[in-house]
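Enquirer: Required output: the full structure, derived from the provided sequences and hints.
Taken in order, these protein sequences are the chains called A and B.
Just so we're aligned, residue 12 is where the first sequence starts under our numbering, counting upward by one.
Just so we're aligned, residue 200 is where the second sequence starts under our numbering, counting upward by one.
By construction, these hints were calculated from the structure, which means they are not laboratory data.
The beta carbon of each residue, even a glycine, is placed where N, CA and C say it ideally should be.
Hints may be right or wrong, so weigh each one.
Stretch-level coverage of chain A by chain B, calculated; a stretch enters the list once three of its residues show a Cβ under 8 Å from a Cβ in chain B [what the hints assert, rightly or not]:
hint, segment
1, 13-26
2, 229-236
3, 258-268
4, 271-279
5, 282-288
6, 318-327
7, 366-372
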Amino acid sequence: MPLYLNDDQTMLRDTAKDFVASEAPVAHMRALRDADDATGFSRPLWKQFAEMGFTGILIPEGEGGLGLGHVEAGILLEEIGRNLTPSPFLATAVAAVEALKGTAAAAIWYPSILSGETVAALAIDEGAKHNGKIAMQAQRSGNGFRLTGAKQFVTHGHVADLLLVAAKTENGTTLFAVPSDASGLSATPERLADSGIAARLQFDGVEVDADAVIGEVDQGDGPLARLLAAGRTGASAEMVGVGGGAMDMTVAYLRERKQFGVAIGSFQALQHRAAHLYSEMEVARAAVLKAQQLLDAGQDATEAVAVAKAMTGLATTLAVQEGVQMHGGIGMTDEYDIGFFMKRARVLAEMFGDSNFHANALAEAAGY
Amino acid sequence: MAEDLDTFRAETRTWLEENCPPEMRTPPKSEKDATWGGRNPEYQHPDQKLWLDRMAARGWTVPDWPKAYGGGGLSPAETKILREELKRIKARNPLNSFGISMLGPALLKYGTEEQKLEHLPKIARGEIRWCQGYSEPNAGSDLAGLQTSAEDKGDHFLVNGQKVWTSYADKADWIFCLVRSDKTVKQAGISFLLFDMASPGVSTKPILLISGNSPFCETFFDNVEVPKGNLLGTLNRGWDVAKYLLGHEREMISGFGLGGAGKDPLVEAARAGVDPILRAQIALFQVRAKAFAAMSEKFIDELKAGQAHPAQPSMMKYYGTELNKTRHELQMAAGGSDALEWDSEASHEGAAARGWLRTKANSIEGGTSEIQLNIIAKRILDLPS
Ligand SMILES: Cc1cc2nc3c(=O)[nH]c(=O)nc-3n(C[C@H](O)[C@H](O)[C@H](O)COP(=O)(O)OP(=O)(O)OC[C@H]3O[C@@H](n4cnc5c(N)ncnc54)[C@H](O)[C@@H]3O)c2cc1C
Chain A
12 MPLYLNDDQT
22 MLRDTAKDFV
32 ASEAPVAHMR
42 ALRDADDATG
52 FSRPLWKQFA
62 EMGFTGILIP
72 EGEGGLGLGH
82 VEAGILLEEI
92 GRNLTPSPFL
102 ATAVAAVEAL
112 KGTAAAAIWY
122 PSILSGETVA
132 ALAIDEGAKH
142 NGKIAMQAQR
152 SGNGFRLTGA
162 KQFVTHGHVA
172 DLLLVAAKTE
182 NGTTLFAVPS
192 DASGLSATPE
202 RLADSGIAAR
212 LQFDGVEVDA
222 DAVIGEVDQG
232 DGPLARLLAA
242 GRTGASAEMV
252 GVGGGAMDMT
262 VAYLRERKQF
272 GVAIGSFQAL
282 QHRAAHLYSE
292 MEVARAAVLK
302 AQQLLDAGQD
312 ATEAVAVAKA
322 MTGLATTLAV
332 QEGVQMHGGI
342 GMTDEYDIGF
352 FMKRARVLAE
362 MFGDSNFHAN
372 ALAEAAGY
Chain B
200 MAEDLDTFRA
210 ETRTWLEENC
220 PPEMRTPPKS
230 EKDATWGGRN
240 PEYQHPDQKL
250 WLDRMAARGW
260 TVPDWPKAYG
270 GGGLSPAETK
280 ILREELKRIK
290 ARNPLNSFGI
300 SMLGPALLKY
310 GTEEQKLEHL
320 PKIARGEIRW
330 CQGYSEPNAG
340 SDLAGLQTSA
350 EDKGDHFLVN
360 GQKVWTSYAD
370 KADWIFCLVR
380 SDKTVKQAGI
390 SFLLFDMASP
400 GVSTKPILLI
410 SGNSPFCETF
420 FDNVEVPKGN
430 LLGTLNRGWD
440 VAKYLLGHER
450 EMISGFGLGG
460 AGKDPLVEAA
470 RAGVDPILRA
480 QIALFQVRAK
490 AFAAMSEKFI
500 DELKAGQAHP
510 AQPSMMKYYG
520 TELNKTRHEL
530 QMAAGGSDAL
540 EWDSEASHEG
550 AAARGWLRTK
560 ANSIEGGTSE
570 IQLNIIAKRI
580 LDLPS
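Expert: Dropping the structure here:
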């Protein structure tokens with residue numbers, strides 16, 4: 012498989028580009044923020060995603076979806092990133108759908124994900140750093156389980172209909188599909204630096220039925236691994252969009268802003284930094300495509316996914332930092348969009364493990 | 200189609216299993232271990248010759264060149280599979296050659312049928328070793344300022360002047376050379392000549408590098424007669440050929456950062472134990488190196504499909520060479536005082552230290568990093584002059 016987009020994928024990219032840029036440009040996100048919107052995203056827009064078929068992008072055709080892969084999901088995510096679109100797409104249509112894939116729970120949740128009624132949130136992290144440690148307990152109770160513990164950094168967790176929750180069971184880890192109206196569950200929404208909303212969740216003996224188990228009891232590592240691989244790769248694609256968007260804005264600014272009677276983009280000191288940034292972004296983009304293709308081919312993508320997440324973290328951080336610096340004073344103003352890119356990049360870099368986390372994982376896998 | 204490729208992979212795997220000698224599946228111990236071929240080939244080990252001959256017989260030193268020119272006639276997909284299978288068994292490069300990586304593509308694009316039939320098969324079999332006569336003492340980054348002159352003498356050109364930094368000029372059999380055929384214009388007065396280094400009037404003088412090696416030469420031309428048939432491309436349009444070739448040169452040099460076949464010495468060193476700060480630096484380096492490996496695969500795929508931006512080799516060259524320098528800095532840091540030994544047997548004649556110093560040229564040769572960044576800024580990002 013050549014490492015570039017095929018004709019169908021290129022067509023999808025054109026569609027996605029037009030759709031996201033016209034329905035949810037940066038102004039959309041700014042408007043939600045200015046209105047101090049309590050949801051954190053637009054439900055009507057999410058319905059439009061469903062009408063386009065995008066919520067089923069990774070759902071098999073036999074189950075009513077488009078039956079496409081991570082490359083295609085990434086194409087959409089890149090545009091979401093470029094336009095800083097607040098959306099449950101990554102958590103719902105990518106990570107949750109992948110976790111549910113091939114399990115009995117898929118039949119329960121896929122239809123309402125397809126129709127755009129269900130928004131899912133991922134309750135994975137329990138501390139400020141994504142570290143894979145799970146303290147939450149799920150004890151057997153009646154024909155189901157009682158969940159006790161806390162989760163944080165749950166994007167849209169306060170308004171989601173479905174929560175994917177990892178917990179410790181007797182002999183391992185189990186992943187649960189928890190309806191958000193389960194009693195004993197409380198959510199505290201917190202606004203983040205990028206103006207998105209993530210919740211702290213408290214589970215005080217939350218009762219769930221046996222059919223909330225995704226896959227098998229104690230066998231949650233499989234679905235959790237699928238969730239994380241899809242989430243990390245998807246977040247990487249979104250970051251390529253954020254970094255690419257910041258870079259494009261910056262390069263355009265270098266061409267038009269005049270000082271000393273010439274365009275600042277004619278100064279070699281800036282040209283070299285822009286060219287270096289371009290190189291970092293290209294390398295990051297390739298790493299993401301590699302991970303997506305391996306996932307779609309069903310091959311071992313562990314290393315490629317870690318590389319993608321770490322590399323996009325590094326490259327996009329550079330893109331937004333250079334973006335603000337090269338805009339000069341205007342780059343520090345709220346009125347100008349470039350700062351939004353910096354905030355979004357920081358949030359995505361932290362999500363599912365930052366560059367250091369994944370570099371460390373590579374080192375451990377290589378035996379050092 | 201996919202089934203054909205599966206068959207091709209299976210057959211390739213079997214053939215390589217049977218034909219790649221065990222010694223050629225170990226990492227080269229030093230720079231000297233490379234196979235360069237030529238009229239007077241030097242081999243450190245008899246398996247080098249065996250491996251070259253077997254690969255050349257199948258046209259697999261240049262798998263995607265047409266069979267008529269000594270190539271393997273493979274499709275891009277087959278070439279990719281062959282590369283993967285070679286990498287899988289950690290096979291060494293059967294032939295290092297400026298003929299393959301630089302001149303060959305230019306000959307394929309600009310050569311006459313006669314020139315192709317004359318030169319390409321010899322390049323493919325490693326019979327003629329080529330060197331590159333571009334740089335001059337006063338024409339480095341500003342290459343188009345070159346002064347070596349070629350006078351039209353009817354049936355031949357008379358070449359006079361001096362080149363510098365000519366890699367392996369003292370070992371090469373032929374040179375591809377940029378000359379000034381019109382003094383009144385800059386770029387549009389340059390021609391591209393091929394000639395035998397044994398021609399009367401050609402002499403070379405080695406330059407000692409900081410690595411202690413001297414694979415580079417000053418090259419002098421004193422009334423060298425070059426037959427007219429040795430002009431590649433059109434008279435005074437040699438700059439087009441030169442630029443095309445530079446694209447391929449940059450592509451080749453960009454591959455240096457990938458670490459090559461065999462165990463990764465950096466990972467080996469880290470496993471043996473390093474301090475946590477160095478460990479972190481190595482891990483973050485690995486992120487970039489592995490991402491760049493994906494970039495290289497993507498770039499080659501795009502190139503074969505005619506989708507790559509024409510200036511993209513500059514980005515590859517810039518990133519790959521800077522990465523390679525970092526790799527060697529880290530290797531030196533991990534190696535400590537052991538890596539400093541200059542000519543002990545245990546250090547393979549100071550392979551680590553000499554290799555480290557050699558990499559410093561990666562971001563100079565074939566156009567400096569600064570020149571690559573200029574090209575990216577202007578031609579890809581469209582920034583103003
Ligand atoms: C190991 C090695 C092998 C080589 N092999 C060959 C060979 O086989 N054949 C051959 O023909 N040549 C070869 N070269 C020559 C090589 O291509 C030149 O050294 C190179 O192009 C740089 O030219 P220069 O050395 O004259 O440096 P200069 O052009 O003098 O550059 C000096 C410094 O100024 C910077 N600079 C120059 N112009 C600009 C600009 N416009 N903007 C910003 N910075 C600039 C450069 O980046 C560099 O840092 C080799 C060189 C080395 C070191």
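Enquirer: With reference to the structure, classify each hint as holding or not holding.
Expert: Each hint tested on the structure:
no., hint, result
1, 13-26, "holds (count 3)"
2, 229-236, "violated (count 0)"
3, 258-268, "holds (count 3)"
4, 271-279, "holds (count 5)"
5, 282-288, "holds (count 5)"
6, 318-327, "holds (count 5)"
7, 366-372, "holds (count 5)"
Comparing the model with each earlier hint shows a violation of hint 2 alone; every other hint is respected.
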